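Note that the sequence shown covers residues -28 to -1, 1 to 271 in mature numbering (1 follows the signal peptide of the UniProt record, and there is no 0).
No lab work stands behind these hints, which were simulated from the structure alone.
One or more hints might be untrue.
To be verified - Derived CB-CB ranges, DEER-like:
no.	residue 1	residue 2	range
1	Thr43	Pro65	45 to 51 Å
2	Ala95	Ser154	44 to 50 Å
3	Arg72	Thr43	24 to 30 Å
4	Ala159	Ala96	43 to 49 Å
5	Ala254	Asp120	21 to 27 Å
Bear in mind that the values here come from a model prediction, so they are computed numbers and not experimental data.
A virtual CB, placed ideally from N, CA and C, is assigned to each residue, including glycine.
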Amino acid sequence: MRLSAPSASAGRRVHALLLALWPTALLAACATPPQATARFREPPLSYPPSTRERIVRFALTEWQDWGGYVTTPGEKHPPSKAPGPESAIANFPRVLAYWRAVEEDRPVIDRNRDRYAAALQGAATAPWREPAWSAAFISWVMRSAGVDQREFAGNAAHSFYLDAILADARDFPAQAPFVPHSIGDYAPAPGDLVCGDRSRRPLTDWRERLAEIGQFRAMHCDIVVRVGPFVAEAVGGNVEDAVTMTRFPTDASGRLLPRPAGEPVLFGVIEDRIGRLPPFGAAIPIPANPPASIGAPVS
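Turn these sequences into a full structure, and let the hints steer you where they fit.
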């Protein structure tokens, strides 16, 4: 997997969004009451259970279409300078479709169209080797399943759509379609996102992200598609230069185990509550004393 910073246009759009969602006081480590920002935004809409099923189905179908690659954390592959599956001519339209879900990154599309055109003429080019397209893949799955931009703010960077998820979890705890959980507190289920940090100084818990909202961070998230005894299977893009299934080991209760040394550090599971919120599911109880972890800074 190759990682790069998102395009400048994506960064500007997310920066503007976050200025509206996250008050300066939050960035300065001072909690802001949820109602201070919630009243300026319309709450997210609720979606039927079929939408969650479509998320899983689209992820699985893409994985199968790419050849059904499977990997396990800690599995080693010899380095290679040869182009990966992403650069095959047959796969150009697939990755192009993912980038179309984050259309503001048009320069990325134009640059790789040029590489593809050269490849069609026999040149030794490698379309889609950069930038990383894993967040574009997640955004495409959500959009293809029918989740609108308001409910999932698709972006070329995982860190930026995660910021929007955290904002909704803070401002609309009873209506947010996605809510974060610490690795040790929650067992992932199909439709959830498993997220890890690929940076040199990785986050170890999603709460740590609250101190740096709006800043790019190298992350990766996969969509959970199946769970079983001691394993959670999740599909992600740009893993081994393809859409790949990762088999994450879990404990007896289904919670994720730490990844081997040298692997991205798992810092959270994003619960997908689509189909489980009113009017399609039971009302989500709101604690009398909401946890300070949502919307509060990390000190």
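We went through each hint and held it up to the structure:
1. Thr43 x Pro65: 45 to 51 Å: 24 Å, violated
2. Ala95 x Ser154: 44 to 50 Å: 48 Å, holds
3. Arg72 x Thr43: 24 to 30 Å: 26 Å, holds
4. Ala159 x Ala96: 43 to 49 Å: 46 Å, holds
5. Ala254 x Asp120: 21 to 27 Å: Given a distance of about 23 Å, which is inside 21 to 27 Å, the answer is holds.
Violated hint for the displayed structure: number 1, the only one.
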